[in-house]
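Here the protein sequences come in this chain order: A and B. Going left to right, the first sequence walks through residues 1 to 304 as our numbering numbers them. Going left to right, the second sequence walks through residues 1 to 354 as our numbering numbers them.
Careful, some of the hints might be misleading.
What the hints assert, rightly or not - Just so you have them, the derived chain A footprint on chain B, three or more residues with Cβ under 8 Å:
hint : region
1    : 28-38
2    : 283-294
Claimed, not checked - For lysine-lysine, the following DSS-like pairs were computed, each having C-alpha atoms within a straight-line distance of at most 30 Å:
hint : chain 1 : residue 1 : chain 2 : residue 2
3    : B       : Lys-130   : B       : Lys-185
4    : B       : Lys-185   : B       : Lys-95
5    : B       : Lys-15    : A       : Lys-99
6    : B       : Lys-15    : A       : Lys-209
7    : B       : Lys-267   : B       : Lys-189
8    : B       : Lys-189   : A       : Lys-209
9    : A       : Lys-258   : B       : Lys-139
10   : B       : Lys-95    : B       : Lys-139
11   : A       : Lys-99    : B       : Lys-185
12   : A       : Lys-160   : A       : Lys-99
13   : A       : Lys-99    : A       : Lys-258
None of these hints come from the bench; they were simulated from the model. Please read all numbers here as calculations on a predicted model, not as lab measurements. Built from N, CA and C at the ideal position, the CB exists for glycine as well.
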Amino acid sequence: MEAARQRQQNRLLGKQLLPYLLVIPAFTFYVLFWLRPVLGQFIASFTDAAGNFTLNNYRLVFSDPEFGIAFGNTAIIVVFSVTIEFFLALFLALLINRKFRGASIFLFLVMIPMALPIVSVASMWKTGLTTNGWINSLLMYIGVLEAGESIYWLAGSRWKMLALIIIVDAWQVIPSVMIILLAGLQNIPQETEEAGYVFGGNYLTVLRKITLPILGPTIQTAVILRLIAAIQIWLIIVVLIGFSRVPVLVERIVYYEKEVPRLDISPLMVAGYTVVVTVVVSIAALTYLRVFSRRNTEVEDEFA
Amino acid sequence: MSSPRRRYWIIKGIKSTLFYLLVITIALLIILPVFFIVSLSFLTTHEAYSYPLPLLPGLTSRFILTHGERGYLLSVQDRVTGEYETVLDTDDLEKMSVYMEDRLGTPVSIPELEEQIARLSTEDPVYFSKSTDLLHNYKLFFQITRDAVPALVRSLQIAALTIIISLSVGGVAGYAFARYLFFGKDMMKFSVLFVRMFPAIAIAIPMVIILARMGFYDRPLGLALVYSIGNIALTTWITASIFMGIPESLEEAAQVFGANRLQAFIKTTLPLALPGLAAAAMFAFIGAWNETVAALILTQFNPTFSVVVYQSLVGATGQVNLAAAGGMVMAIPAVIFTFIIRRYVQQMWGGVTI
């Protein structure tokens, strides 16, 4: 009797202990390789060379004339690319959700840009946008350009460059936004939309009054995930137009860390810019998690 | 057929035609850039400098050989215009052979050239053609890009290490999430997601010093540790969902037959989970293979393949064919693996089916 109770207690204890034992490796890993560097970086950004508290790093970053431009460019890219990508992805998702003949092939094609590494996408557009690249060649073949004529895609104003970056980014990213929205659309029971039509709604009213409101949480997910990624766009900019011409926040970090690492101000700039990027992205990520936890009940299905 | 019925069919026909025109246009916008990078990666260097670029790579190159001022005059046919263009005037056959291989993408040996030159005594000029070496840009990319081969090997090593670390650490955590209710489970679930969204650069910068102290800076294991941060989170999520889909009663049944917990897991759950675990491994591979910014910051003399391709793209590029070849080598493994796990990618967001 006593032994049986003891055994049961042991099993209960074991049942409680085992999950913690299983989670310990991951927990330790994150403390060592995530929490420690992140905290270390945060503290370093407030310390000077002698190890005293200082705000000079931030003063330096905020007084950097490039900082305002980099921040502005990042903001412009985020606002426009997220908006454009969202609407085009929604349009595509609604299109594919009509399940027309060939929709599965179409979905297959649409997923190609998603599969490509960013470096490959960069090489694709670099070879396309140079003065005698494939875009100008194509325009010549279809008769838009005269023989020997070419368009200087990669030269011009800051606005033109920003527009180019947003278009190239959209090309790669729309499919992944589309997949999220498509999943949301497919989870809407058909009857709800049908009810809308029964009560005399046309396609647009049903979309506006029924589909989009139900899709709300999915839309939030898609938009915030894009927001987080868009803040960190840099490689495509550097490959297409080089460093310092259209500075953005992450590009500044890479610039000071890899291009001019020997300047006195470089480590300070790197520390300052890194914390700025971290804070901006973290705010977006935390917002996402709040949205996500509000529909906590769906979390389980999300990955099931 | 009555007239309103006919009107109905006409309108329906126009509508569906317009609809498919739209679908095809979008498909073209997606396919065209992909088509061009594939096509460019097979162009010869000579063609890559011509404008407009040929739309398709050629399978054969056509040449004319005749007497020139300095020796023999070599002309090559431009496939776009069909005209021949003189490219070389030399009596040095070795130089001509090297030029034909490197610039014209057509390996022609010296004896073969001598054969054509012998024909010059009976006919002048001599026309001849030879099949183009389609893979020559890929070979050239690895030849002239410093570090490309070791970087490729290193990238594969890093990906393998990342898979091992994230699957073992994330897999056990995923099992705990799937099977047990425990204190702090929800909080941990969200922190795992938060870590995944944290900017890579914000980890890479402070990791420079930490890895240097550990002796892992600029070495594959160092980068694998950094990549595992995001991947453990993802693997935990994926494996949790896999294990949730496998009934625990199977393990309990095995235990009834005398197996201990570990044996029960290995004999029943693990075999059923293998396809899902393979998908998680491929996710980890893609993540590690594609990553560039942390690799750029955490390597110095031993870059990864993505860094090598990135560096070949930054700054002046004249040779679109080599840039395209580098981009293609980078893309092939990522595309293959993504399409193998396509079902999982779609499922991750709630089961997209068509």
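For each hint, the structure was consulted:
Beta-carbon proximity to chain A at under 8 Å applies to 8 residues in the region 28-38 of chain B; the threshold of 3 is reached and the given coverage holds. For the region 283-294 of chain B, the proposed coverage by chain A is satisfied: 4 residues have a C-beta within less than 8 Å of a C-beta in that chain, meeting the threshold of three. Straight-line distance between C-alpha atoms of Lys-130(B) and Lys-185(B) comes to about 67 Å, which puts the hinted pair past the 30 Å bound. A C-alpha spacing of about 70 Å is found between Lys-185(B) and Lys-95(B), which places the hinted pair above 30 Å, so the restraint is violated.
Distance hint between Lys-15(B) and Lys-99(A) is fulfilled; the C-alpha atoms sit about 16 Å from each other, no more than 30 Å. Only pairs whose Cα atoms come within 30 Å are accepted, and Lys-15(B) paired with Lys-209(A) is accepted, the gap being roughly 25 Å. With a C-alpha separation of about 28 Å, the suggested pair Lys-267(B) and Lys-189(B) falls inside the 30 Å cut-off, and the hint holds. About 34 Å separates the Cα atoms of Lys-189(B) and Lys-209(A), which puts this hinted pair outside 30 Å; it is violated.
Among the hinted pairs, Lys-258(A) with Lys-139(B) is consistent with the structure: their alpha-carbon atoms are about 29 Å apart, no more than 30 Å. As the CA atoms of Lys-95(B) and Lys-139(B) are separated by approximately 19 Å, the hinted pair is consistent with the 30 Å bound. At most 30 Å may separate the alpha-carbon atoms for a hinted pair to count; Lys-99(A) and Lys-185(B) exceed this at roughly 39 Å. Using a Cα cut-off of 30 Å, the hinted pair Lys-160(A) and Lys-99(A) is violated, with the two alpha carbons roughly 37 Å apart.
With a C-alpha separation of about 49 Å, the suggested pairing of Lys-99(A) with Lys-258(A) is violated against the 30 Å cut-off.
In this structure, the earlier hints numbered 3, 4, 8, 11, 12 and 13 are contradicted, and the remaining ones agree with it.
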